[in-house]
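*Asks:* Work out the full structure, taking the sequences as your base and the hints as a guide.
Residue-level listing of the chains:
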Amino acid sequence: MKIVVCVKHVPDASADRVFADDLTVDREGTDGLLSELDEYAVEQALRLAEAGDDVEVVVLTVGPDDATAAIKRALQMGVGSGVHVLDDALHGTDVLGTSTVLAAAVTKAGADLVVCGMSSTDGAMGVLPAMLAERLGWPGATYAGRLEVADGHATIVREDDTARLTVEVDLPAVVSVTDQSGEARYPSMKGILAAKKKPVQTWDLDDLGLDPADVGLGAAWAHVVGAEPRPDRGAGQVVEDRDGSGAGAVLEFLAAGRYA
Amino acid sequence: MPTVLVLATFADAVPSRATLELLTLARRVGDPVVVVLEEVSEAAAAVLAAHGVTRVLSVQDPAFDAYLVAPKSEALTQVVDAVGPALVLLTSSVEGKEVAGRLAVRLGASLVTDAVDLDADGTATKSVFAGGWTTRARGGRDVGVVTVKPNSVTPEPVEGWSPVAVEPVAVTLSDAARGARITARDPRAGSGRPGLTEATVVVSGGRGTGGDFAEVEALADALGGAVGASRAAVDAGWYPHAYQVGQTGTTVSPQLYVAAGISGAIQHRAGMQTSKAVVAINSDGEAPIFALADLGVVGDLHEVLDAVVAGLKADQA
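Taken in sequence, the protein lines are chains D and V.
According to full-length UniProt numbering, the first sequence holds residues 1 to 260 in order.
According to full-length UniProt numbering, the second sequence holds residues 1 to 317 in order.
Treat the hints as calculated values from the structure; they're not laboratory data.
Mixed in with the good hints there might be a few duds.
[Unchecked claim] Among the chain D residues that face chain V by a calculated CB cut under 7 Å, a handful are:
no. : residue
1   : 141
2   : 148
3   : 164
4   : 180
5   : 230
6   : 237
7   : 241
8   : 250
Computed from a predicted structure; not experimentally measured.
Note that the Cβ used here is the ideal one computed from N, Cα and C, for glycine as well.
*Replies:* See the structure below:
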């Protein structure tokens with residue numbers, strides 16, 4: 001079984017993230033890392049590989065030069081090899097274009113199972129796994145809090161606001177996992193050393209048979225026409241609770257805003 | 001006027017508040033046509049008509065409940081082909097966004113998720129990077145697909161409406177849409193509280209609760225709100241994951257957000273920063289949550305919340 005894990009290199013959420021002049025995300029000014037939510041996808045793939053015979057795990061990313069850091073982290077965690085889709089024409093590609101590129105790369109790599117994180121931590125749309133399943137024509141089992149794979153099918157448990165669903169899909173399929181799927185491991189020293197010798201292939205659009213005119217900022221389906229830093233909320237009132245004064249302040253606030 | 005297709009969601013057979021918000025936004029852009037993926041009663045159709053809907057389309061198929069997402073998206077694609085809208089609006093729930101994503105792929109449409117406002121020309125406003133930036137985006141294709149966060153606008157009925165007949169619409173679903181079979185569905189025991197994403201008031205508890213959510217729940221109930229929890233509280237096993245507010249849980253945007261015993265890590269702020277008003281109660285006066293609170297109380301959350309609930313009850317008595 002071949003598992004492809006899709007990961008994204010994202011700006012560090014704890015740093016100041018900003019937009020560049022062309023209204024794409026400025027990746028120059030902020031350190032990037034493997035999206036935290038993708039670590040859970042890597043973890044699930046590694047657990048499946050450890051539990052089964054003959055399971056190969058490949059990490060796949062689409063992004064500029066420094067996105068290779070996300071691949072490296074996955075290799076350090078234990079993934080066997082990496083694929084980096086790298087092409088200048090990809091700058092500014094939106095989620096629809098990204099799903100096209102990933103679908104082409106998954107097809108070229110060959111996969112029985114694609115595992116994604118539930119969402120990126122930058123764009124945070126949470127739609128890519130469903131789009132990728134749609135493009136591949138494969139079933140999508142998304143937002144898995146639990147994942148099991150056996151006998152050519154995958155079973156997930158997904159919790160939503162109203163119910164706990166058990167969902168079954170035949171492979172090949174796309175699965176996305178939540179942070180409830182299982183704590184992601186840290187790379188060991190052995191893993192870090194081993195990662196240096198693991199193969200990483202770089203593919204461009206030509207390798208994937210894609211037309212540069214169909215991706216990138218110019219081909220983006222939706223156009224960002226404005227981006228502004230939000231004004232500070234302004235420091236609100238902070239009171240020390242003394243002899244019930246805290247509750248009094250809250251009650252006043254609730255009454256003033258007509259919340260109560 | 002262009003047609004705006006709105007995918008309505010129902011709660012207990014009546015249109016959800018989020019749906020009425022979508023209709024209020026849809027009317028800025030054009031004539032709203034509603035599609036409902038279940039049976040529509042006359043009473044429900046009347047509520048939709050009172051919010052400016054000119055047509056109500058009802059699609060029913062057992063596949064909507066038997067499989068995840070894909071049949072709904074495929075059905076919606078066929079409705080879009082038949083109706084020819086300029087814009088399709090859906091609610092920014094987990095399912096709504098997935099349906100929207102698949103729909104955009106099928107239609108070759110532009111997609112904007114988590115919008116909080118919509119202009120007459122379809123330009124959508126959204127908040128990104130944990131609420132740190134506001135962006136405006138416009139579709140560059142014939143059809144635009146936009147998902148809107150609940151609590152973005154106040155639903156406004158129209159004046160002088162007349163009843164609208166429900167039109168049944170038949171769809172043909174492919175085998176490919178039946179790929180993700182739902183083999184079990186265990187309904188969550190009803191808490192009697194509103195859903196987290198749609199609630200106008202959310203009261204959340206964090207590490208500072210020490211695992212005791214009694215006062216958090218009591219305040220939520222006194223305000224008719226939902227209960228939320230920080231990741232620390234969920235990881236500690238104090239509250240179920242479905243109630244987690246933050247980057248890895250649910251993003252909420254209520255009129256009022258009360259953070260009790262939550263320090264306010266960036267991952268949590270990402271899930272609540274677009275709340276209209278924030279009250280924070282924390283024993284640590286240095287907690288980052290205070291920087292974005294309209295009212296902060298430095299004190300013991302159990303004592304403060306208990307007194308607030310008692311005060312509210314005294315007012316009602």
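*Asks:* All hints, please: hold or fail.
*Replies:* Going through the hints against the structure:
1. Interface hint at residue 141 of chain D: satisfied, since its Cβ lies 5 Å from the closest Cβ of chain V, which is below the 7 Å cut-off.
2. For the restraint placing residue 148 of chain D at the interface with chain V, the shortest Cβ-Cβ distance is roughly 12 Å, beyond the 7 Å limit, so the hint is violated.
3. Taking 7 Å as the C-beta cut-off, the interface hint given for residue 164 of chain D holds, the closest approach to chain V being about 4 Å.
4. A hinted interface residue such as residue 180 of chain D counts as satisfied when its beta carbon comes closer than 7 Å to some beta carbon of chain V; here the least separation is about 5 Å, so the hint holds.
5. The restraint placing residue 230 of chain D at the interface with chain V holds, with a minimum CB-CB distance near 6 Å, inside the 7 Å limit.
6. A least Cβ separation of about 6 Å between residue 237 of chain D and chain V falls short of the 7 Å threshold, and the interface hint therefore holds.
7. Hint status for residue 241 of chain D: holds, given a least beta-carbon distance of 3 Å to chain V, under 7 Å.
8. Hint on residue 250 of chain D holds. Least Cβ distance to chain V is approximately 5 Å, under the 7 Å limit.
Taken one by one, the earlier hints fail for this structure only at number 2.
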